[in-house]
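Participant: As a plain string of letters, each chain reads:
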Amino acid sequence: MKLMHCPLNGPRNISEFQYGGVVKTMPDPVAGSDDAWRDYIVYEPNVAGPVLEWWCHLPTSYWFIAERDTVSDRIIRTMPAAEMFGATPAAGDET
Amino acid sequence: MIKLVPLPRRSPLHRRLDGLGAEWSFQGDAEVARHFGDPEGERTAAGRLALVDLSALPRGGYKGPAAIGWLAGLGALIGPEHNRAYPQADGSLIAKLAPTEAFILGPADGPADLLAAWEGAWNAEAADGAWPMPRRDSHCWFFLAGEAAPAMFAKLCAVDLRERAFPLHAVAQTSVARTNAILVSGEIGGHRGAHLLADSASADYLFGVFLDAMDEFDGRPAGLAAIGALG
Amino acid sequence: MSGTRLAAPFGSLIDRTRPLHFRFGARTLSGFAGDSAASALVGAGISVLSRSFKYHRPRGLFSMTAADANSLIAAGAEPNAFAEHVPLTEGASFRGQNYAGSLERDRFALMGLFGRFLPPGFYYRAFYRPAGAWKFWEPKIRAFAGLGTVDTNGPHGYFDKAYGWCEVAVVGAGPAGLAAALAAAEDGAEVILIDRNPVIGGSMRQRRGGVGAEPLERNGKAGTIHVMTGAHCLGLYDDNWLAVGQGKRLHKIRAGRVVVATGAEEQPLVFRNNDRPGIMTADTVSRLIRLYGVLPGRRAVVVTANDQGYGVALDLVEAGAVVAAIADLRLAPDDGPFRREARAAGIELLDGWTAYEGHGRARLGVVTLAGVTGRGRVDDSRRRVDCDLLAVSVAQVPRLHLLCHRGMRPVHDGSGHSFASGELPEGVGLAGAAAGRYSLDAATRDGLAVGAAARQAVAGGAAPEPERPAPDGALFNHPWPIFPHPRGKEFVDLDEDLTIADIRNTIAEGWRHAELVKRFSTVGMGPSQGRHSALATQRLIAEATGQTLDAVGATTWRPPALPEKFGLLAGRGFEPVRRTAMHDRHVEAGAVLMPAGLWLRPAHYGGSGDAAGAIAREAANVRGNVGLIDVSTLGKLEIRGADAAAFLERVYTFAYAKQPVGKSRYVLMTDRLGIIVDDGVACRMADNHFYVTATTGGVDGVYREMLRLNAEWRMRVDIANVTAAWAAINLAGPNSRRVLERVADGLDLSPAGFPYLAVREGHVAGIPCRLLRVGFVGELGYEIHCPSGLGETLWDALVEAGREEGIAPFGVEAQRLLRLEKGHIIVGQDTDGTTNPLEADMAWAIARKKDFFVGKHAIGLRSRAGLTRKLVGFRLPAGESRVPKECHLVIRDGQVAGRVTSAARSASLGHVIGLAYVPAEHAAPGVPFDIRVDQGAMLRAEVVPLPFYDPDNERQDS
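Protein chains in written order, with our numbering: chain R, 1 to 95; chain W, 1 to 231; chain S, 1 to 958.
For the record, the hints were derived by calculation from the structure and aren't laboratory data.
All figures in this text were calculated on a predicted structure; none of them were measured in a lab.
You may find that some hints are simply not true.
Said to hold, decoys possible - Looking from chain R toward chain S, a few residues come up when the C-beta cut is under 8 Å (computed):
#	residue
1	Met1
2	Phe17
3	Pro29
4	Asp34
5	Cys56
6	Ser61
Said to hold, decoys possible - Calculated lysine-lysine pairs in the DSSO-like style (CA-CA distance at most 30 Å, straight line):
#	chain 1	residue 1	chain 2	residue 2
7	R	Lys24	W	Lys155
8	S	Lys870	S	Lys849
9	R	Lys2	R	Lys24
10	S	Lys252	W	Lys155
11	S	Lys565	R	Lys2
12	W	Lys155	S	Lys248
13	R	Lys24	S	Lys849
14	S	Lys870	R	Lys2
15	S	Lys135	S	Lys565
16	S	Lys565	S	Lys161
17	S	Lys565	W	Lys155
18	R	Lys2	S	Lys252
19	S	Lys850	R	Lys24
20	S	Lys870	S	Lys885
21	S	Lys489	S	Lys658
22	S	Lys161	W	Lys155
23	S	Lys248	R	Lys2
24	S	Lys663	S	Lys849
25	S	Lys565	S	Lys252
26	S	Lys161	S	Lys252
27	S	Lys850	S	Lys663
Stated by the list, open to error - So the derived label-pair ranges between C-beta atoms look like this:
#	chain 1	residue 1	chain 2	residue 2	range
28	S	Gly662	W	Glu40	55 to 61 Å
29	R	Glu44	S	Ser881	46 to 52 Å
30	W	Pro167	R	Glu44	53 to 59 Å
31	S	Arg330	R	Pro50	50 to 56 Å
32	S	Glu761	R	Gly10	39 to 45 Å
33	W	Glu81	S	Glu761	34 to 40 Å
C-beta: ideal position from N, C-alpha, C; glycine also.
With the sequences and hints as input, model every part of the structure.
Facilitator: Now the structure itself:
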C-alpha cells in the first residue's frame, strides 16, 4: 500500500484517494477550434515519466495536484490546486 | 434560513438503544440514554472500552472562506492549525477541519450556549462566505472511551490513533470501516476517548461494527452517565 | 520405527507434564503441549506425511521451515497446512494428503512407473488438443495431482484484520533480527519484531553452540519492542507496508524502516531418491531434538560440506543415536571445532564422499555413498550404509522473498555459492544469514549494525554506512551439491516431482532463462516457491548452456511469501448500509427493501407475497387519491456564494442566471464527452444560494466532480453535500393538497400561491421544511424536505393527516411505473455510458446560448456528426400481455437495432408501455418495430409520443 501526502491531511494510505486524471488545459470556450476541443475531450497524453495529476482525498473530498512518475510510480510531490490555478478562495484550499 | 424549533431530538439509534434497555432522560431538547441498567458496570467499562452515542446532542458548523474569521469575530477560540480541535468556554469543541471549515461539537454535559448564540447571530448578509452546515442531522456522533479504544480502532481505521500519534485535540479525517469519518481526540468527564462523527444514515451500520470490534476487549455501550456527562 | 521422545534438556518448547492426544488418519497418537503437528507426528513414529504431487511417492518431514510440500497435511477442516506451523491441541485430527487408499499403500503410486512418459510440458501437449480436451482431462488429472481437498462443510472461522504502526519493523527474530531490533530500539524507537516461530531466538535455540541467551534477556528489558510470534510476514509492499498473518488476523503494518533478517534456507543434496522419508535437512534434525525432544532416527548418516553438519552429528550422538558416518562433500575439509570433536568421538569421517542413492520403500533403510571426484562427479567407490536417517547440511540460500516483493532482483553472491540480494529497496535493511552472514557471530554483529542504521534513519540523522562483518557463505555452502545418477530420480523440486532429467529436457527444448525454464517445467511453482529448487535449477541451466549464473537469471518471488489462508484475505468485510430516517416505519409497514447504492429503499409494501398487486395498488392510490414516498436518498447539495448561479451555468446544461428566487428548475449534467451523468432539480433559495438535488447513486460523484471543477475554476462558491442531513418525502396525488393543508402551518398552498415548480420554506407539523412543487410521478405533488433527525416525525404527521383520505406509502417500483407513464427518464437506467442529451430527446434542457457548460462542445461535435439512435416511447397492442424486460433487443430486418430500457404494464393506460433506443431514422411516432423477448418471441411495438400519460400536464400543474 503506497502512501500519498495529502496537502490537507498529511500522509495517508493511497486507498483513501481517488485518481482524477491528468491535469489538462481546457481550450477557450469561444475561440477554441473543433480540433483543440477534440484533443482535449478525447485524447490522453499517456506520458512515460513525470506527469501532473488530479487526486482527491475521499474522506474530505479534497482535490489537489500530484506530480507522479508513471514509469517508477514514485510520487514526486503534491500541492494544493491553488498553486496551479490561483488563489481565489475555495473551500479547503488555502493550505 | 430555517431556524429549528425545539422539537425533541432523538438519535438515529434510538430504537436500537431502547432495545438494549436504555433509560432515557432529556438534556435540553435531546433525548439521551442515561444508562443501560448497569451504571456501575458502565462506569467500569468507560475506563476499558465504552461506546457512548451522543447523536441526539447539538452540534453545528460553518463553512466557506469567511467561516473561521466570522466565528473568531464572535469570540470563538480557534488557532491557526487545521485538523485540530479547540475547546470553548462552554465546554463545546470546535474541530477545524480545514482553513475554511469548522465543525462544532456541543458540550456533552450542559447547554450548548455558544452554538445557540452563533446560530442566532448568523444571517446571509452579515456572514457572506460563512455558510451554516446542518451537522446535527448530517452526522451521527459517538464517543469511544477507554484505554482499549485505540486497539479497537486499529481494526477499523488505517490512521494510528494511539496517544503518541493522536494526542488530545488532534483531528483525523479518514475512513472507518469503509465509511468517511471525522475523529477528534477528546475528553468527557475526565474520560479520554475519541469522538467519531460520520454519516448519520450509517449510524446503525457503524454501531454494529463497533459492537463487533469491541467484543474482544470486553467493551460495551454505555449511557452518558457513565462518562459523567449527566448527573 | 517407533517414535523416540527424549528427556530434558532436549525439547525446550514442550511441556512433558501435559500430554495431548490426537488422530492421524485412523490412528490415535499422543504428543505434548508445545508440539507442532510435525514434531508430534515424527515423535509418534510417523515417517510418511503425504504423497508427492505427480508420482505419489511417499514423503516425510524434510524441512521445518514451510519450504516444501512434504509436510502439508489436513488439520481438521483446514487443507494444506504446514505441519510445522500447526500447534498441537488435545483431540486434534490430522490427515495426510494426496493419496488414494492409504498413505502407506497409495494406489496412485503406480504413476512412478510412468515417470518417463510424463516429461515437462506433457500436459500442454497431451491434453490441450483437440479443443475442449482439457475440459475433459482436467478433473481427472486434478484427482491425481492435487493438494488437499476443501471441506465445504467445515466450520466457519472469524478472521479479521488490523492495522499496525511502528518506526522499525524487523522480520525474523534469529540472532541477526534480535540484534537489529535491540539496536533499533536503543533510543526508544518503536520496534515490531516479527517471527513465525512460537518463540524468538531462531537458530540460536537449536544450533549447537548457538544458544546465547544474552540477547534474549536484553530484549526483555527493551520496552519499546513489540514481539509478534507465530506471525508470518506474507508480503512487503510499497512504502514499507507489511502483511503479517498471525492466527486468524491479518496485520497490515506501516513501518518507517524495515530490517529483513529472515535467515537462509537449508538446501537439499540432489541425488537419487533424495526424497525418501528419513532424509531431512540438518536444521530439521536439530529442531526436532533441541526444541521438541524428538529423535528422528536411531542410526544416522550425516552428509555435509561445513562444520555445522558435524555439530548436528554430535547432537545426534548426545541424544542417543548412532552416527554411522559423516560424509563430507569437500575433498579436503578445513578442520573446524565440531569436526575435531566428532573425530575425537570416534565417528567415521569420510572426506570427499557424497550420498549417491537412497534405498528403502516407504522409508530410508540404506544409503549408498560414493567418492566425489569433481563437480557433480563420482568415481566407482561405493559404500552401502544401513541408516534410518540422513541429515543434509551442504548449502543455504538466503531468504530474499520479501525484498523481491519490493522489486529487488537477486544476483549471485560472486563466490558462486549462493544467491545474494541485488540493490536494496528504499527504507529496507538486510541482515544476518539473509545477507550472507551465516555464522552466529557474524549474523549478530551484522544485525547490530543494520539495526543501528535503521535507528539513525528514523531519527532523521544522516546515517553513515554501517560497518558490517564480511559475508562468510563460502564456509557454509558447497558450490555444487548435485550428483546425477544414471537411473535418475534425483529430485530438484520435491513439490513438483521434477528431477535433473526434467530440467535438462526443458533446457533441451530451448529454454535458457530461469524464468522460462520455470514456466515450462513448473519448477519452483509449488508451495515451496523454489526455496529448495531455484539455485539447483539455475546451476543446471548454467552448466547446460554455458552461461554464467547471472546470465541465466534468477526467478523472482512474489507475494505471498508463504501460502496464505483465504480467510485472512477475506477477513472481516465491511459493507456499509445507509438507512433513511423513516426506515423503521417502512419495516413496520411490511416494506420489501431493495438496495439503492448503499441505501435500503422500500421496493413496495405489504410483504413479499403479491408484489405485482401491491405495486398496482400503490400506483393506483397515487393516480386516484394520495400517496407518499420516502425520497430521502435523493442527493442534496448546497451551492452558496456570489458565483452560485454562474457555477450552475457551467456544470449543468440548462440556464440558471435568471432563475427567480423561490423557483426550481430541472438540472441535467453531462461530462466532458457530452454524456448524461446525472439529473435533478435546482431550487433558488436566495440570489447566492441554490439547493440542488441529484440522483441517489450519482450524488457522491456529482459532488466530487463539482469540487474538482471549482478547484480549477476558482469561482466564489461553496459546495456542500448535505444528503444525509435532509429527509425528504414526496406527497403525490390529486388529494395531496388537501392532506398537506391540514399540517402546513400558515403556508398558502393555493395553485396561485404555490404553483408548479415553486419552492417554499415553512413549517409542516411544526417541523421546518423546504417544499418543492415538482412532479416526477405526474400528479399534483409536493416534495417536502426536513432535517433528517425529524424525518420520522414528519412521516408520521403526513400519514396521520391523510388518514381520512386513505393515504398509503408507495415504493420505488410504483414510482418507476408512474414516472414511466409520465415519460421521465431515470439516469443510469434509460441512459448508458454513451447517451447524450440529443439521443435522449432532451434538447429542451440545453441552453444553446451559453458559451460554455461541461460537455457543450462534445454535444456540438456529436450533433454535427449526426445521431445514430434515439430514445423513444413505445406501446404494445392493447391485448398483448407479455412485458419486455430491460435490455430486450429491438430487431430490424433481422439485425439488432436497439434495446428496451424500461417497460411496464400501465393500468392507467390499459397497455404495455416502455422506452427503447431505436435507429434515429425510425424514431418518428407511428413507426413500428420488433422487440425480441424471452424464448425468442417477437413483439410488435409502435413508437408513440411522450409522455404517455397526461400529455398536457393538467394533473401535475393543477
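Participant: All the hints need checking, so say for each whether the structure fits it.
Facilitator: Verification of the supplied hints:
Given hint, methionine 1(R) at the interface with chain S, holds; its Cβ is 4 Å from that chain's nearest Cβ, closer than 8 Å. Violation of the interface hint for phenylalanine 17(R) is found here, the shortest Cβ-Cβ separation to chain S being roughly 12 Å, above the 8 Å cut-off. With 8 Å as the threshold, the beta carbon of proline 29(R) comes within range of chain S, its nearest partner Cβ sitting at about 4 Å, so the hint holds. Nearest Cβ of chain S to the Cβ of aspartate 34(R): about 6 Å, under the 8 Å cut. The hint holds.
For cysteine 56(R), the interface hint holds, the least distance from its beta-carbon to any beta-carbon of chain S being 6 Å, beneath 8 Å. Annotation: serine 61(R) was flagged as interfacial toward chain S, and the flag holds, the nearest CB pair being 5 Å apart, inside 8 Å. For the proposed pair lysine 24(R) and lysine 155(W), the alpha carbon gap of about 39 Å is over 30 Å, so the pair is violated. With a C-alpha separation of about 24 Å, the suggested pairing of lysine 870(S) with lysine 849(S) holds against the 30 Å cut-off.
Between the alpha carbons of lysine 2(R) and lysine 24(R) the distance comes to roughly 25 Å, so the proposed pair stays at or under 30 Å and holds. Pair hint lysine 252(S) plus lysine 155(W) holds up; C-alpha atoms about 10 Å apart against a cutoff of 30 Å. This hinted pair checks out: lysine 565(S) and lysine 2(R) have alpha carbons roughly 23 Å apart, not beyond 30 Å. Only pairs whose Cα atoms come within 30 Å are accepted, and lysine 155(W) paired with lysine 248(S) is accepted, the gap being roughly 13 Å.
The hinted pair formed by lysine 24(R) and lysine 849(S) meets the criterion: a straight-line CA distance of about 25 Å does not exceed 30 Å. With a CA separation close to 45 Å, the supplied pair lysine 870(S) and lysine 2(R) exceeds the 30 Å bound. Proposed proximity of lysine 135(S) and lysine 565(S) is supported: the alpha carbons are some 27 Å apart, at most 30 Å. For the hint pairing lysine 565(S) with lysine 161(S), the CA-to-CA distance comes to about 13 Å; that is within 30 Å, so the pair holds.
Note on lysine 565(S) and lysine 155(W): the hinted pairing holds, with a Cα-Cα distance of about 19 Å set against a maximum of 30 Å. The straight-line distance between the Cα atoms of lysine 2(R) and lysine 252(S) is roughly 12 Å, inside the 30 Å bound, and the hint therefore holds. Only pairs whose Cα atoms come within 30 Å are accepted, and lysine 850(S) paired with lysine 24(R) is accepted, the gap being roughly 22 Å. With a CA separation close to 18 Å, the supplied pair lysine 870(S) and lysine 885(S) stays within the 30 Å bound.
For a cut-off of 30 Å, the pair hint linking lysine 489(S) to lysine 658(S) is broken: about 88 Å separates their Cα positions. Between lysine 161(S) and lysine 155(W) the alpha-carbon distance is near 6 Å, which keeps this suggested pair within the 30 Å criterion. For the suggested pair lysine 248(S) and lysine 2(R), the alpha carbons sit about 25 Å apart, so the restraint of at most 30 Å is met. Proximity of lysine 663(S) to lysine 849(S) is assessed by CA-CA distance (about 21 Å); at most 30 Å being required, the pair is judged to hold.
Distance hint between lysine 565(S) and lysine 252(S) is fulfilled; the C-alpha atoms sit about 15 Å from each other, no more than 30 Å. Between the alpha carbons of lysine 161(S) and lysine 252(S) the distance comes to roughly 7 Å, so the proposed pair stays at or under 30 Å and holds. A distance of roughly 21 Å separates the Cα atoms of lysine 850(S) and lysine 663(S); the hinted pair therefore holds under the 30 Å criterion. In this structure, glycine 662(S) and glutamate 40(W) meet the distance hint of 55 to 61 Å, their C-beta atoms being roughly 57 Å apart.
Range check, glutamate 44(R) to serine 881(S): about 50 Å between beta-carbon atoms, so the 46 to 52 Å window is met. A hinted range of 53 to 59 Å is violated for the C-beta pair proline 167(W) and glutamate 44(R), which are about 44 Å apart. Checked against the hint of 50 to 56 Å, the pair arginine 330(S) and proline 50(R) passes, with Cβ atoms roughly 54 Å apart. For the pair glutamate 761(S) and glycine 10(R), the beta carbons lie near 40 Å from each other, so the given range of 39 to 45 Å is met.
The hinted range of 34 to 40 Å is satisfied by glutamate 81(W) and glutamate 761(S), whose Cβ atoms lie roughly 37 Å apart.
Hint compliance for this structure: hints 2, 7, 14, 21 and 30 are not met, and every other hint is.
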